[in-house]
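The task is simple: from the sequences and hints, build the whole structure.
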Amino acid sequence: MIVVNTETIPGYQITEVKGLVQGNTIRAKHFGRDFAAGLKNIVGGELKGYTELLTEARRQAIERMMAQAQQLNANAIVNVRFTTSAVTQGAAELYAYGTAVNAESMGE
Amino acid sequence: MGELIGLGVTLLLIVIGLLSGRIQERRHFSRIEKREERFRGVTVTTLKTVPHSEQVVKATMVIGGAVIATDYFKGFVAGFKNLIGGEVKSYMTLMERARREAILRMIQQAVEWGATEIHNVRLETSNIRSSSTQRNQKYGVSVEVMAFGTAVVRGIKNESSGQ
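Same order as they appear, the protein sequences are chains A and B.
Taking our numbering, the leading residue of the first sequence gets 3, the next gets one more, and so forth.
Taking our numbering, the leading residue of the second sequence gets 20, the next gets one more, and so forth.
No incorrect hints appear here.
Under the rule of at most 27 Å between Cα atoms (straight-line distance), these lysine-lysine pairs were calculated in the DSSO-like manner:
1. B/Lys-108 / B/Lys-53
2. B/Lys-77 / A/Lys-20
3. B/Lys-67 / A/Lys-20
4. B/Lys-53 / A/Lys-50
5. A/Lys-31 / A/Lys-50
6. B/Lys-77 / B/Lys-67
7. B/Lys-108 / A/Lys-50
Keep in mind that the hints were calculated from the coordinates and are not lab data.
Next comes the structure, spelled out in structure tokens:
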């Protein structure tokens, strides 16, 4: 499946628009990681644990979005967007959405 | 007596934050610059549509993210700045580091995939931990920056005819 955040897929022609697809996940922070992050806030630097956590969570949101597109028999998702929102203290929602389409290669 | 100890701890944290924050920041910037030099050949744009898209044979989305924490000293300075107003320089470098790091990770992913161009790049910033910082870290702020865009690979055959 082709996933892009441009309005069209370069080199492809969109033949059919299937509609909005979305995927989300809500993650709570891990106590140990939170503690380590608290220490990092004194010395500064990158919070590797959080970077990993968010990357992994975002991948899951994308996967759920792709699963939805597959159900619609789409072969691509265009114009993908992300939002992140803090639901409660210590939990964040990662949301990915886009338009599922069927696309054909323009190659001769 | 207890107040004195509290003050001493705060001062110690500020000194630790100042020293280690400075060192980490300098190291981080030199790492960023080195990698930016390496990826100089990669075209990164914010264009919504890919120029000469008929030459493109492959496209995919690439993502890069980074979470960077401030040190205690910077947080203290920023807190102080809140009283008098003005530009908070200590947080500006924080944002810059997070953005450049996120963009570099996105480029890295694109290069590994075989692309030399990324279009329609968007950046998203979110502030994490801001609500739970009252308890033990008065001045702790961490920012998450995420960069995403569409990496494309152009066909060799078409590239020569397009020039």
